[in-house]
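Colleague: Protein chains in written order, with UniProt numbering: chain A, 1 to 450; chain B, 1 to 450.
Among the clues, some could well be false.
Because identical chains share one entry, a pair is satisfied inside a single copy or across any pair of copies.
Said to hold, decoys possible - In silico DSS-like links for lysine-lysine, alpha-carbon gap of 27 Å or less:
1. Lys143 with Lys301
2. Lys386 with Lys319
3. Lys143 with Lys207
4. Lys207 with Lys436
5. Lys233 with Lys143
6. Lys42 with Lys386
7. Lys218 with Lys233
8. Lys83 with Lys319
9. Lys301 with Lys83
10. Lys233 with Lys207
None of these hints come from the bench; they were simulated from the model.
There are 2 protein chains.
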Amino acid sequence: MVGADQLTTRPEDLHCYSYDGTAAPHLPAAVVFPENVEQVGKIMQLASRYGFPVVPRGAGSGMTGGAVALRGGLIMAMARMSKIIEVDEANQIAIVEPGVVTGDLQRTVRRHGLFYPPDPASLNYCTIGGNAAECAGGPSAVKYGVTKDYIIGLEVVLASGDIITTGARTEKSVTGYDLTRLFVGSEGTLGIITKLVLRLLPLPPYKETFLLTSTSLKRTTELVSEILNAHIKPCTLEYLDRSTINVVADFLSSPPPAGTEALLIVEIDGEQPVVAEQTRRLRELLAGQSEFTLRQAGNDKEIEEIWQARRAISPSVLKLRPNKISEDVAVPRSRIPELVAFIEQLSRDLDLIMLTFGHAGDGNIHVNIMLDRSDPDQAERGKQAKAALFRQAIALGGTLSGEHGIGFSKAPYLPYEFNDATIALMQRIKGLFDPKNILNPGKIFPPPEI
Amino acid sequence: MVGADQLTTRPEDLHCYSYDGTAAPHLPAAVVFPENVEQVGKIMQLASRYGFPVVPRGAGSGMTGGAVALRGGLIMAMARMSKIIEVDEANQIAIVEPGVVTGDLQRTVRRHGLFYPPDPASLNYCTIGGNAAECAGGPSAVKYGVTKDYIIGLEVVLASGDIITTGARTEKSVTGYDLTRLFVGSEGTLGIITKLVLRLLPLPPYKETFLLTSTSLKRTTELVSEILNAHIKPCTLEYLDRSTINVVADFLSSPPPAGTEALLIVEIDGEQPVVAEQTRRLRELLAGQSEFTLRQAGNDKEIEEIWQARRAISPSVLKLRPNKISEDVAVPRSRIPELVAFIEQLSRDLDLIMLTFGHAGDGNIHVNIMLDRSDPDQAERGKQAKAALFRQAIALGGTLSGEHGIGFSKAPYLPYEFNDATIALMQRIKGLFDPKNILNPGKIFPPPEI
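Bound conformation, chain A alone (with noise of 0.2 Å):
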């Protein structure tokens, strides 16, 4: 069915292939490499006949758990399966298979003219197909939207091994059910992505970024809505809080001013008049408000230090403590600083370092639980902080996962969202796609017994 290249059941190889960002390993069986659609269709065959599990994987750059084989059985990395099959100028699309990586897209298209816009941390490894399977955000989704956004059509293997295709290549299609949005942030319980069809757009010619400290948390968080309804449109709107600019200072080459308490990173892009215009209303938002100082990054190597320390956190936190929960809750971003103050709150009562950073604009921000787990009190009062903060996000009116999925991590939770009547409806859902549940069993749905 593949060469003996393509499958590997080497104890080292397993481990390899056993974890993702969640650090929560589990052995699969196996590993396979298939290179085209036909094989996922005849592994998949092969599954459904004998029943055991498939769990399709990208890079292993996930923070819930959606590539780890939970229950053993089959990994499906899709890492051979890197084709950019077409960039088409004309109709600013492209068609990608899933293992290309997001920032080589990005890289392609851009020497097309052209502008891929989500942008995961891991985009330098991360690939399309986990990107689509798990719904990727990233910074620039305050301005662009998420992964979603930029997928009109997929090639799906289903669990029974037949090959379909859904949406279209063209900008607007209502023929028939929308099943492309069903599978994107699906986790790979319904199917195996084989093929997608990617919208892109005119690459903006201009942009500009700043780095914007102040001395008040609260301010900073309640500034991001004053930014937005002003009719500033950044395409970046990062925040950190103290703890998580401690953390990453070193990456800087000028740290933040001695009394800083938060910090905005702010990037707006487009036509060079817009930004101007842009640039300019920002300016005049800020004066006269002392707990704000911008500085206006001036070369690239300014910038990339400052995007250096951004994608820095998820890795470097750990300086504080050797474990963390990681969780990206996303409220309405007016109902941010409630969140925010929350969660210091929380921090302070449970005794634990909590930091917060993200994207703000979008109202998904990042909340970094640190502990050490070989302490078991650390470890209950861990688990009490995770439910308390979804607990306040919902009733903020809020979700539990702005762009990580929900995977086994944040399963148990589900129900924290969604009435019965509506998980009930999306497990019938896996049901009918998935009957023997061999498509990455033990994801989304809380386990039988919670």
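Use these hints to put chain B onto chain A, whose structure you have.
Modeller: Okay, now just chain B, sitting in the frame of chain A:
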């Protein structure tokens, strides 16, 4: 279950609710006007128990028969659930009931400095619920997308009467499967939408309207891609061929010059400096191309005339022949010239008047095949023309419908676009949501006899 004034079985009422834009009436047995979600739930429980069809209906302005009671039963008219429940300025969200008229919503949010872009030609009478069920588009889609791009959450009553919620109030959410998008565009076959959470945009402060006349149809259809690839992003890029212009010329106080073969309505909106820059580029692109004449609308009256003419196309074409077949195929926009040339040839071959007009910017071309159905030979040629049009649209990488949906009028052609496995999967989803086939039966899927 409902008040006496909420149900009618009087023949004169039933006739009023028997038709939509397809002009192929089917009498329902009764019409009910629910006033809240609980009533919708109870009615669906009843329908589920006794197995009668329920057809949800907005304003009946659909073009593919979505609101027609093909197999009798109950029309559920959503007109009395027409509250704008909330406009949340800070988070740029509106929460509405399905019976709200699209144009009323636009005017309401405009008073808050906000913008709901989807603008079907019927916007002054069609409803948000109907727009969501069919995934309506409109001229602004070229820049702003269609209805589905503005719906982030729903409340839906299932066939069983169960009430579920989907999506979130946040811009980003990846919790569970994307049920929102599954319901949007499902034409009332999966559930009854009883509440919608809509995302809004800041109102663009400035807009310019242009009328571009051309002596060459071919050059006009080619120009569409040239405009978009020159980094000009109009919010309207509507095209009319010569036959269409003739039909609506009376609406314009200064008719297009003699020799006009095609017309483009071009609008550019946004911040004033952007509009100025984009206008400059448009003029630069057209400089020295003598086949084009660009005229800027000087005042609101001229703009209103242009739009009256555009929106009058659909009713006015019946001046030419008593009946029409109204289609809305979409192709990748670089293929529009080929599609339009094909239609011209088809029109000659089959000796039928065919008009083309519509949303050139996103490749969504409206084709009106004019005929007299009382002449069996013309009716037969009309059918041939429709099938040939669909085949060609698919061959060019396109889709059966850009924004009208499938309803019953395009249902037989679904296999042109999707393979058996894809259609079977969609039908199994339908069966899962609606096991007794009571929700808008006979829509989307090919009738069994074909």
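Colleague: State for each hint whether it applies.
Modeller: Outcome of the hint check:
1. Lys143 with Lys301: Within. Shortest intra-copy distance 24 Å satisfies the 27 Å Cα cut-off; inter-copy 34 Å does not.
2. Lys386 with Lys319: Classified as within; 21 Å inside a copy, 66 Å across copies.
3. Lys143 with Lys207: both (13 Å within a copy, 21 Å between copies)
4. Lys207 with Lys436: Close neither inside one copy (50 Å) nor across copies (55 Å); limit 27 Å.
5. Lys233 with Lys143: both (6 Å within a copy, 16 Å between copies)
6. Lys42 with Lys386: neither (41 Å within a copy, 38 Å between copies)
7. Lys218 with Lys233: within (21 Å within a copy, 38 Å between copies)
8. Lys83 with Lys319: neither (38 Å within a copy, 53 Å between copies)
9. Lys301 with Lys83: Close neither inside one copy (31 Å) nor across copies (53 Å); limit 27 Å.
10. Lys233 with Lys207: Answer is both; intra-copy 12 Å and inter-copy 18 Å each pass.
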